[in-house]
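For chain D, the structure is supplied; the task is to place chain E on it using the hints.
Protein chains in written order, with the numbering used here: chain D, 18 to 332; chain E, 2 to 306.
Among the hints, a few may not be true.
[Stated by the list, open to error] Now the stretches of chain D that chain E is said to cover, found in silico as 3 or more residues with beta-carbon under 8 angstroms:
| # | stretch |
| --- | --- |
| 1 | 54 to 61 |
| 2 | 137 to 145 |
| 3 | 254 to 267 |
| 4 | 307 to 316 |
[Said to hold, decoys possible] In silico lysine to any residue, SDA-like type, Cα no more than 25 angstroms apart, as pairs:
| # | chain 1 | residue 1 | chain 2 | residue 2 |
| --- | --- | --- | --- | --- |
| 5 | D | K43 | E | K129 |
| 6 | E | K129 | D | L52 |
| 7 | D | K43 | E | G202 |
| 8 | E | K81 | E | G262 |
Calculated from the structure, these hints are not laboratory results.
Every residue gets a Cβ at the ideal spot worked out from N, C-alpha and C, and that includes glycine.
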Amino acid sequence: MATLTTTPPSQSSTTAYKRKPLTIAKKRQYRAAYLFVLPFFVLFLGTIIVPLGYAGYISFFRKQLVGGVSFAGLDNYTRALTDTDFLTSVARMGLFLVVQVPVMLALSLFFALALDSGMTRLSKFIRLGIFVPYAVPSVVAALMWGYLYGRDFGPFAQFAELLNLPAPPFLTDQFMLFSIVNIVNWEFIGYNMIIIYAALRSIPTELFEAARVDGATEKRIAWSIKIPAVRPALILTVIFSVIGTFQLFNEPNLLRSIAPTVIDNSYTPNLYAYSLAFINQDANYAAAIAFLLGILIMALSYAVQLWNQRKENQS
Amino acid sequence: MSTLTDAEVDVARRPSTSGFIGKEPRQRTSVLLTVIMLACAAYFLFPLYWLLVASTKSNADLFSTFGLWFADFSLMENLKTVFTFQDGIFSQWVLNSLLYSVVSAVGASILATAAGYAFAKYEFPGGKALFSIILGAIMIPTTALAIPTYLLFARAELTDTYWAIILPSLVSPFGVYLMRVYAADAVDYSLIEAARCDGVGEIRIFFTVALRLLVPGAVTVLLFTLVATWNNYFLPLIMLNSPEKFPLPVGLAQWQSTAAGGSGSQALFSTVITGSLVSIIPLVIAFLFLQRFWQSGLSTGGVKA
Numbered sequence: 018m019a020t021l022t023t024t025p026p027s028q029s030s031t032t033a034y035k036r037k038p039l040t041i042a043k044k045r046q047y048r049a050a051y052l053f054v055l056p057f058f059v060l061f062l063g064t065i066i067v068p069l070g071y072a073g074y075i076s077f078f079r080k081q082l083v084g085g086v087s088f089a090g091l092d093n094y095t096r097a098l099t100d101t102d103f104l105t106s107v108a109r110m111g112l113f114l115v116v117q118v119p120v121m122l123a124l125s126l127f128f129a130l131a132l133d134s135g136m137t138r139l140s141k142f143i144r145l146g147i148f149v150p151y152a153v154p155s156v157v158a159a160l161m162w163g164y165l166y167g168r169d170f171g172p173f174a175q176f177a178e179l180l181n182l183p184a185p186p187f188l189t190d191q192f193m194l195f196s197i198v199n200i201v202n203w204e205f206i207g208y209n210m211i212i213i214y215a216a217l218r219s220i221p222t223e224l225f226e227a228a229r230v231d232g233a234t235e236k237r238i239a240w241s242i243k244i245p246a247v248r249p250a251l252i253l254t255v256i257f258s259v260i261g262t263f264q265l266f267n268e269p270n271l272l273r274s275i276a277p278t279v280i281d282n283s284y285t286p287n288l289y290a291y292s293l294a295f296i297n298q299d300a301n302y303a304a305a306i307a308f309l310l311g312i313l314i315m316a317l318s319y320a321v322q323l324w325n326q327r328k329e330n331q332s
Numbered sequence: 002m003s004t005l006t007d008a009e010v011d012v013a014r015r016p017s018t019s020g021f022i023g024k025e026p027r028q029r030t031s032v033l034l035t036v037i038m039l040a041c042a043a044y045f046l047f048p049l050y051w052l053l054v055a056s057t058k059s060n061a062d063l064f065s066t067f068g069l070w071f072a073d074f075s076l077m078e079n080l081k082t083v084f085t086f087q088d089g090i091f092s093q094w095v096l097n098s099l100l101y102s103v104v105s106a107v108g109a110s111i112l113a114t115a116a117g118y119a120f121a122k123y124e125f126p127g128g129k130a131l132f133s134i135i136l137g138a139i140m141i142p143t144t145a146l147a148i149p150t151y152l153l154f155a156r157a158e159l160t161d162t163y164w165a166i167i168l169p170s171l172v173s174p175f176g177v178y179l180m181r182v183y184a185a186d187a188v189d190y191s192l193i194e195a196a197r198c199d200g201v202g203e204i205r206i207f208f209t210v211a212l213r214l215l216v217p218g219a220v221t222v223l224l225f226t227l228v229a230t231w232n233n234y235f236l237p238l239i240m241l242n243s244p245e246k247f248p249l250p251v252g253l254a255q256w257q258s259t260a261a262g263g264s265g266s267q268a269l270f271s272t273v274i275t276g277s278l279v280s281i282i283p284l285v286i287a288f289l290f291l292q293r294f295w296q297s298g299l300s301t302g303g304v305k306a
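With the rest of the complex left out, here is chain D (with noise of 0.2 angstroms):
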């Protein structure tokens, strides 16, 4: 919801709504108007509300093997927030969120301005390259990224081996979270520039020919004039990047398999949410922890929002 404020829903102007004895035809309106809505709505409730609600109620319990069922209260809450498993994880996310979206911002940014500009040449055949990862699924993406990284075939350990040096470490304690942030940004560069490159073009030209005339160089032009322009495209790709960074799973997931001992159970929330609810079996924790990770990103999409909108009264 706090992202579409950057987006307001264009206000449809209908006939002023009066209170008056509703003639057939708008009894006839409200009907349609129902039936349009309700298939979506009837699934909306069955597969968000609803689940949305039973996982809160189950949350409050607890299943012990003996005695069954009981309410718990706040407990599954109160041990989530003294889960060192869980914490570190979100601690980890942390540092992947600072890590991951600079790089990630800046360097869409810049190939959507370089784009733009029309400096280079060949720029269809670079924009469509950048941009093609967003076709390939993020399985897939893990998958060939792993065999990339792995010591066994691929093409780093065999240069290194070449050269007669150490394979390279990326898929060691040390590295395994740089090697994620190298795939998450593969996937989604392209598509974060794609995002830029639309709004840079609908700034209107009249814009910055006036600066140009003026004596303007590019950069300058890019700096202050482009690059505000696109603010809440650019505001938008940081909230998308908070919600998908506290939800990382499938990469993790893939790697795993490859690096066993580095990447464990709880390595993401996401991932550590999965085996409580499929590996312990443990239901009602799962869905604790479901529902702080959704709170933990809500607030900070929200968050994002406010800082956005106050550095814009500033200026």
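Below, chain E without anything else, positioned relative to chain D:
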């Protein structure tokens, strides 16, 4: 999921800007910038190039020859293994992926179009409240939602069925938001009023007058849902147990963990690699079409604004 909404945000935003402003290409090009950009594009294409090369190698050559250049050409043998391994379950996965993504995409875009149209063009009691609930749902993280959905579906004995994947994929709150924005501009009130004066019923107005105008927006929702469902891994992973119901990502991931599991199953690596290549080809093709539709959807929205 978040990637899906990303794109839609952009599309949705479009009508509010003043549309495409054509820019004349400038003459000055920079060799340095071109070289830098080509190098960057090479980074993005590099894993795909490697995948292409690796899928032409036998499993033994994979380990014994240099990864970035071709050895003996065994693509055909690899393809044969991909489609015959485990009684040819791979083709089942392809069909499942197609089924899940096509049904979900068509369904999601129909549902979103009808609902978005109603929210844009009718003022009805409770409409505003319903719409804000749907907007709020956009921010709910999809994977955090997947486990609750699983728990509920397990209760309803819906897990390990095709419905377990299709039902959640049919619901695109962002699609509704997008279609509301789109319908607000694309369908003119005068058209609806004129039809009403002619005595046409509301439902018929939707199908005969509005739907035609809503198609570009609906196609956008359709294509993004298609890609998102085709690529979805987490939901089918938790919902499905039977390999014959897996979509491609879950199947490939399972082969991979068998291959990496080591002893005796090493011959699987070339199969996983070739399977990965096969699984991205339809998407890359669909994606090229998607781009064209995406842009036409965008510019139509822009003109109408």
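Hint by hint, here is what the structure shows:
{"no.": "1", "hint": "54 to 61", "in the structure": "holds (count 6)"}
{"no.": "2", "hint": "137 to 145", "in the structure": "holds (count 6)"}
{"no.": "3", "hint": "254 to 267", "in the structure": "holds (count 8)"}
{"no.": "4", "hint": "307 to 316", "in the structure": "holds (count 6)"}
{"no.": "5", "hint": "D:K43 to E:K129", "in the structure": "17 angstroms, holds"}
{"no.": "6", "hint": "E:K129 to D:L52", "in the structure": "16 angstroms, holds"}
{"no.": "7", "hint": "D:K43 to E:G202", "in the structure": "12 angstroms, holds"}
{"no.": "8", "hint": "E:K81 to E:G262", "in the structure": "23 angstroms, holds"}
When each numbered hint is compared with the structure, no violation occurs for any of them.
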